[in-house]
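**Student:** As you go down the protein sequences, you meet chains A and B in turn. Be aware that the first sequence starts at 1, since it is given in the numbering used here, and climbs by one per residue. Be aware that the second sequence starts at 1, since it is given in the numbering used here, and climbs by one per residue.
Just so you know, these hints were derived from the structure itself, not from any lab. Check each hint, because a few of them may be wrong.
[Stated by the list, open to error] If you want a taste of the chain A side facing chain B, the calculated C-beta under 7 Å gives, among others:
1) Ile161
2) Asn164
3) Ser337
4) Gly412
5) Ser414
6) Gly464
7) Ala472
8) Gly474
9) Ala482
10) Gly500
11) Pro587
12) Arg590
[To be verified] With a cut-off of at most 30 Å between alpha-carbon atoms, the simulated DSBU-like pairs for lysine-lysine come out as follows:
13) A:Lys82 - A:Lys148
14) A:Lys467 - B:Lys333
15) A:Lys556 - B:Lys333
The beta carbon of each residue, even a glycine, is placed where N, CA and C say it ideally should be.
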Amino acid sequence: MKISINWLRDYVDCQLPASELETLLRRAGLEVAGIDQRGAAIEHVVAAEILESTQHPNADRLSVCKVNDGSSEPRQIVCGAKNYKVGDKVPLALPGAVLPGDFKIKTGKLRGVESEGMMCSAKELRLAEESDGLLILPPETAPGTPIKDLFPAETILEIEITPNRSDWLSHLGVAREIGVFTGLPVKAPEPAQPPTASAGGQVRIEGDGCNLYTLRRISGVKVGPSPQWLRDRLAAVGLRSVNNVVDVTNFVLFELGQPLHAFDAAKISAPLQVRAASEGEVFRSLDGSDYKLPAGSLIIADGNGPTALAGVMGGEGSGVTEFTTDILLESAVFDPSRVRRASRALGLFSDSSYRFERGVDPEGVAIASARAVELILQVAGGSADSALLVSGKCPERGKVSLRHARVRDLLGMSLTNAEIESALSRVGLEKLAAGEETRWSIPGYRRELHREADLIEEIARVVGIEKIPSLARGPFAASSDADAAYDFAMNLRSRLAGMGFHEARTSTLVSAADASHFGEAVALKNPFGEDQSQLRNSLVPGLLAALRRNLDQGAKSIALFECGRVFHPSGEGQRLAIVLTGERHEPSWRGRMERSWDVFDLTGAVRQLAGLHEHDLVSASAPAAPFGACVDVFRNGKKIGVVGQLSPAVGREIGASTPLLCAEFDIDLWRAAASTKTQVTALAKFPGSARDIAFLAPLALPYGEVRSLIADLHEPLLESVRLFDLFIDTKGEKIPSDKKSMAISLTFRSPERTLTSDEIQGATDRVKAALKDSVGVDFRE
Amino acid sequence: MQQQVDALRSEALELIALAHDADSLESARLKYLGKSGAITSLSEGMRNVPKEERPFIGKLLNDLRAAVTTALEDSQKCLLEASDLAAFASLDLTLPGTCPAPGTLHPLTQLMDRAVCCFRRMGFAIADGPDIETEWHCFDALNTLPDHPARNELDTFYLPDGRLLRSHTSSVQIRVMETTPPPVRIIAPGSAYRRDEVDATHLAQFTQMEGLYVAEKVSLADLKGTLEFFFRELFGAGTDIQFRPHFFPFTEPSYEIDIRTQVLGGEWMELAGCGMVDPAVFEAICERRGDRVYDPEKVSGFAFGFGLERLAMNLSRIPDIRMLVENDLRFLKQF
């Protein structure tokens with residue numbers, strides 16, 4: 001909301017500079033989002049009267065004017081605007097003026113005709129954001145008047161107001177807050193208040209949604225332009241002048257925070273009803289648009305139907321026009337949620353609805369009406385009826401008790417009773433009962449204070465948090481399962497980073513296509529776009545998108561991982577995924593070791609990361625898309641994930657020329673299956689002996705089968721099995737092309753003694769025999 | 001004999017002095033001290049020396065052997081030293097080292113972990129809650145009015161079943177109190193979502209850190225001390241911290257925290273929201289739990305929350321928030 005500092009000074013004599021005022025307001029909880037300078041504090045710009053206007057001889061769009069700038073000689077100005085007529089008063093920038101944007105004005109020729117200055121628009125003087133043609137000044141403006149006198153400089157604060165403080169939505173409300181924090185007296189307007197009378201014959205409130213509705217008739221007004229002071233005030237808060245009556249209602253809204261509405265009394269067939277709209281009832285607003293009202297919208301209706309959408313906007317038929325002579329001035333309280341719903345449903349938002357949504361002060365209704373009447377009589381003449389017609393009534397003030405001990409406990413500060421009471425008195429509360437537990441009457445403009453906690457907040461605000469001590473204490477905290485999960489994931493992250501992988505973070509919102517490969521996904525009801533319509537059920541699509549982005553950037557080696565949440569209809573889980581493609585080694589001066597990352601780099605990394613045995617990686621019978629080949633990863637017998645190579649089609653789609661490798665794990669399962677090592681293995685006292693065996697096997701025989709066959713022999717002395725050579729000859733020159741040569745190192749050891757060569761040879765022979773018999777390999781002796 | 005020994009000594013020492021590599025030194029050794037070397041054969045001649053001359057001749061020969069041995073050893077040492085030096089002479093230490101480059105942790109992870117470590121030092125444990133939340137946990141229990149704008153479908157993502165993507169991690173406060181009796185002292189790092197158009201300063205999904213401490217007699221002074229300590233740990237002892245009164249439905253009093261520190265550019269920056277847990281939140285918890293362990297007359301507490309993206313952006317002068325989710329390696333490798 002815009003707050004004019006000059007306007008504020010009508011109510012509180014605060015001469016603080018804008019920056020200090022900003023600090024004070026921030027301390028009170030009003031955030032100043034911006035400080036604007038208004039007005040035209042520009043030298044050498046004066047009011048000028050246009051004396052004549054002729055067509056420019058060389059340019060269709062330009063005209064040549066003679067103007068009176070207050071000096072004895074008329075001045076010649078070339079002008080491109082069309083919105084003026086001879087006799088109008090406009091701002092004229094004389095040679096030597098510097099307009100906003102460092103635009104220097106000098107005498108010059110435009111298409112061959114001399115121009116001794118420039119006539120200005122409101123935008124060129126930065127008096128408006130947008131403007132159409134020249135700024136036409138009021139007709140009474142004397143030529144030669146400096147423009148800085150017509151538009152004096154002033155400072156406007158753009159204030160952000162929290163939704164709990166509707167009382168701040170007016171200049172008086174902000175002035176009151178300045179009073180609280182400076183101790184300066186606040187002078188609220190005190191219009192003469194008329195007696196009240198029942199509005200019975202004029203207004204009927206039907207149903208709920210409106211507790212207080214008032215009307216006051218003013219007869220014989222002369223609707224016309226507003227005086228300059230009123231126009232200036234409205235311009236300061238960003239409003240256009242409409243006419244003197246409407247301007248007064250807007251002025252009072254920004255002055256006191258109470259929205260008002262003026263009906264043209266001649267266009268209303270009394271009595272007015274405040275009622276809920278029936279389904280499908282149509283309302284034509286001030287701007288001429290028709291709205292089909294949702295059932296239940298609160299409206300003001302007369303015999304002919306809706307004349308206003310309560311608290312939001314007036315109707316077209318009943319508004320004040322230049323022909324209006326008698327007006328009915330509405331000042332009322334409408335239910336915040338009713339106003340909010342109607343306003344949202346129709347997409348109609350106004351300064352009124354903004355205030356009613358947050359709640360207006362019922363005690364201010366009659367004052368605002370009286371204030372507006374006073375001003376309307378002043379600027380538009382006429383006479384007001386002697387009484388304010390009232391329907392409904394102003395609710396009683398709230399009363400709240402406060403235990404002072406509770407204040408001290410919650411704030412952690414030893415405040416005296418006097419300090420506590422002074423703080424609440426400063427914000428306008430009245431003490432009803434004294435003692436260690438006080439009782440307070442809440443003024444209408446602070447209706448949101450209705451609990452003890454609300455009063456404690458006010459005390460903290462007024463006393464200032466800077467006076468509250470800073471304590472450093474707290475109990476011990478036992479670690480939680482979430483701590484264990486956090487540490488487990490952080491450990492994986494750190495180790496992966498140590499292995500050369502870079503951590504990525506991708507969005508949990510993905511497209512339906514991205515989610516389609518990985519089972520059922522959870523869809524959003526109101527996504528922002530199709531590409532963010534589902535919650536990811538796998539980390540892989542996001543990482544592949546990141547990989548693709550890096551490929552497009554020319555990255556040669558891409559190794560990314562992510563730890564994050566995935567979503568399934570059955571719940572949420574924590575995953576880890578890795579993607580890998582490109583060069584295995586950076587080119588180096590040591591000589592070229594060029595090769596691409598391949599799937600064994602990734603299976604090896606996974607084994608190290610998870611502390612797995614070779615047999616924990618088990619071929620998946622049918623690889624699930626997008627994998628072309630993959631193995632399932634087991635940890636202590638539980639499947640925790642999958643690792644493999646993506647199908648070449650995926651690679652082609654994202655433009656990867658090297659194999660795309662990928663792994664994904666369920667970290668929750670992984671953590672559950674993880675075992676902590678409880679005992680060290682004794683260090684060997686006796687030497688081990690290795691025997692190497694080499695054989696030709698059918699090309700299709702997986703190494704895993706060889707490994708498990710050997711393991712199944714349960715040779716008691718066999719300590720480890722290690723594949724150390726693998727050779728395939730596709731040309732069939734050295735070995736047949738349908739065979740592969742494998743070489744395996746067998747290590748034997750006994751914890752009790754040194755083995756004899758006979759024992760070792762015997763065990764080796766049994767391994768060889770088993771391989772020969774079971775999988776038909778040929779030993780190359 | 002004396003002359004013969006002297007001649008042999010000067011001949012041997014000269015030859016040793018001329019030996020410039022290991023091979024010639026070895027052949028010199030063999031020539032004099034080898035099995036059939038000159039000194040060896042001279043020593044063998046001792047057998048024929050008359051008994052009375054043996055001590056004298058023996059000493060002569062021993063001195064000769066010692067002198068030659070010392071010369072050989074000295075020369076060998078020199079040669080080794082020279083070859084050691086030569087080995088280093090060709091070593092170019094300015095060649096780039098070749099250890100494979102390690103990977104990196106995402107800047108948000110690093111920042112989050114710093115924050116987590118700091119809160120753990122203060123005795124906070126981690127808590128967790130789902131991203132997909134019920135409206136009750138995300139809004140109702142947090143004292144948010146039924147027609148509060150944040151519940152709007154324009155601002156918050158909903159699922160067809162009426163659940164939503166949490167718009168703040170404050171829902172974890174509710175999850176924790178629902179299941180754990182006081183005292184609780186937790187932090188909850190996690191994602192939150194707002195239905196924003198993605199641009200240089202907005203993401204639809206962002207990262208927050210939530211905190212909650214509820215026990216008997218927790219006061220605003222505890223809140224202030226805790227968060228001042230945290231931010232000074234994170235940004236340095238010289239950090240200016242300002243608590244500015246604000247409004248949140250679930251805390252009262254509520255504050256926004258502004259920070260000014262050189263590492264964040266030296267300007268005031270709005271960083272976190274915090275406040276004393278609103279009694280209405282405790283009442284909602286009591287009703288859900290069916291007991292009164294969170295009776296606002298018995299316990300009090302504070303809660304706080306802050307976003308990590310903007311913090312990371314200011315700490316590292318990241319110009320566009322989208323860089324945090326684009327995962328460009330040229331960006332990631334800088335952390």
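**Student:** Determine for every hint whether it applies to the structure shown.
**Tutor:** Structure-based check of each hint:
1. Ile161: Ile161 of chain A check fails; min Cβ-Cβ to chain B is 9 Å, beyond 7 Å.
2. Asn164: 4 Å, holds
3. Ser337: Since chain B brings a Cβ to about 5 Å from Ser337 of chain A, closer than 7 Å, the hint holds.
4. Gly412: 3 Å, holds
5. Ser414: Violated. Min distance 10 Å.
6. Gly464: 9 Å, violated
7. Ala472: For Ala472 of chain A, the interface hint holds, since the closest Cβ of chain B sits about 5 Å away, which is under 7 Å.
8. Gly474: Status holds, d = 5 Å.
9. Ala482: Result: holds, 4 Å to nearest chain B Cβ.
10. Gly500: 5 Å, holds
11. Pro587: 11 Å, violated
12. Arg590: 6 Å, holds
13. A:Lys82 - A:Lys148: With a Cα-Cα distance of about 25 Å, the restraint between Lys82 of chain A and Lys148 of chain A holds, given a limit of 30 Å.
14. A:Lys467 - B:Lys333: Given that 30 Å is the threshold and the Cα spacing comes to 45 Å, the pair is violated.
15. A:Lys556 - B:Lys333: With a Cα-Cα distance of about 14 Å, the restraint between Lys556 of chain A and Lys333 of chain B holds, given a limit of 30 Å.
This entry does not satisfy hints 1, 5, 6, 11, 14, going by the numbered hints stated previously.
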